[in-house]
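**Student:** Spelled out from the first residue to the last, the chains are:
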Amino acid sequence: MNPTLTDIIRDGLWHNNPGLVQLLGLCPLLAISGTMVNAIGLGIATTLTLLLSNVLVSLIRDHARPEIRIPVYVLIIASIVTAIELAMNAWFHGLYLILGIFIPLIVTNCAIIGRAEAFASRNSVPRAALDGLMMGLGFTGVLIALGALREVLGQGTLMANAHLLFGDWGHGMTLQLYPSEHGFLLALLPPGAFMAMGLLIAAKNWIDSQFEAEPSPTGDETATATEASPDNA
Amino acid sequence: MRFRTESSPHMIPSHSVGGVMQQVLMALVPGTLAMAWFFGWGVLVNVVLAVLFAVAFEAAIVAARKRPVMATLGDNSAIVTGWLFALAVPPLTPVWVTLIGIAFAIIVAKHLYGGLGYNPFNPAMVGYVVVLVSFPREMALWPAPDTLADMSLGLGQTLQAVLTGSLPGTHEWDAITRATPLDAMREGLASGRTVSEITVSPLFGSFSETSWEWIGNFFLLGGLYLLFRRIIHWHIPVAVILGVAIPAGFFWMLDPDSFASPAFHVFSGAVIIGAFFIATDPVSASTTPLGRILYGAGIGVLIFVIRTWGGYPDAVAFAVLLMNMVAPTLDHLTRPRIFGRSRRGPPPGDGHA
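In order, the protein sequence lines correspond to chains A and B. Under this note's numbering, the first residue of the first sequence carries the number 1, and numbering increases by one thereafter. Under this note's numbering, the first residue of the second sequence carries the number 234, and numbering increases by one thereafter.
In short, the hints are calculated from the structure, not lab data. Given the structure is predicted, the values throughout are model-derived calculations rather than measurements. Beta carbons are placed, not taken as given, at the ideal position from N, Cα and C, and that holds for glycine. Please note: incorrect hints may appear among the correct ones.
Some but not every residue of chain B turned toward chain A, in silico, with C-beta under 7 Å [said to hold, decoys possible]:
1) Val363
2) Val366
3) Ser367
Input sequences plus hints: build the corresponding full structure.
**Tutor:** What follows is the structure, encoded as structure tokens:
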């Protein structure tokens, strides 16, 4: 019942990934993944929120009455997000302006209250912290993968505007892979986000099926049998 | 002696899928030749390239899905998809644009949904919309019709332009391209001129530009052939054309200076080919008689609305895709009465069916 520490890590990063498996927080995931820098910025903010909210919720888990636990969690998460928003406004002002409404909207990211309710409210502080960190990193990983994919396809660059996140030396981090006038605009538009997301989920499922198929050759046969059955119907 | 009883259906249709698609291809020939007459070799180069790509992608993805390759290619649907895509894009479209569009049409719009018969959207139009949205610059380069242009590109020069994306010799894009009638009308109205001032240009024939009128006429010929061979039914084409013409006529009568005539709308751009060849796609269109009329009328009205108030000069592809989304609901709501039953429920006089 009680997951081991490795289970927590593997769940957050892969098996129960908030972006690819739980499909939580799709709104910021799809809206902000237009470039890699935006993705990293929002990913860090979300990870910090998850980590802090999991720790705080776990701390008060014996004191919050069940009837009012959800409003209490929301208050905690909202205060954390407000603090992070003010911090980003102070230190990453350019990025803050680009991410705009999606920073305050981290409050409504269901991945965060989901972890507070499902994990942090029943586990000790260190375990809750690890879970928050791993879920956040898993979410950030998907954001970055999606951001990199869309940025390369859409405008032919990687890490454009990196100075918003890393300061002046970020100017040198931008990679121009091909001239941007041939960019595949669809990748930057909302439908491109959905398609790229679908492809990422498909890729994850395909990788999983490759790992599952290897140990038992019998499992492979049943897989092909079920695949062929719609043809016979 | 025992007679073998076959299970239904007992009436076998006279057309196979491959046969139907062959008829569609034959019906596309006159309109395609008319387009090539006015716009030069590029049309034919595009058709050949797009069909080659479509067949190649179809073969590759069918093989990847471990389905019989030759049987699938035999239904000719990939050829129709490639051909329709090639007619939608400008004649000098660079080859990589065609490649991306066809890849989306065949792989994403068709086979990710399960192949022919399962695709909710018209594959050729998905491919066209993808490149239209993604590469607006390349998609705006319509050459001037040859009858009016000072010079035209030969086959070799056209091939060079399509394959390299740059024009041969001293030719400039600005010199050989020109606004289509829909572009001209759109920009003219936006800059405050009246319809009669715009159509006074020598390019305009009786309804629209002469070249587009003739292209429309030849596609109409092919469409009538399909109707005559009962490959398509009259509902969708008639509904599309009326769906464009009736709202266009209404606004034209209100204010003929700021709204183009219904005849201009019907004979410009892709309305005729869309009505007969694209909207009638048997997979993604509605299938009940009333559903087909509503589906076609919806496409027509959307074409007029997007052309008049939307962001793009022509809208056949968008209108078709939007109505594709509605088609399953239309089919559900317009199911015909089953013989021997009342419209909803059991046969009359029988309480317990």
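**Student:** Taking the numbered hints from earlier one at a time, note which ones the structure violates and give those numbers from smallest to largest.
**Tutor:** Violated: none.
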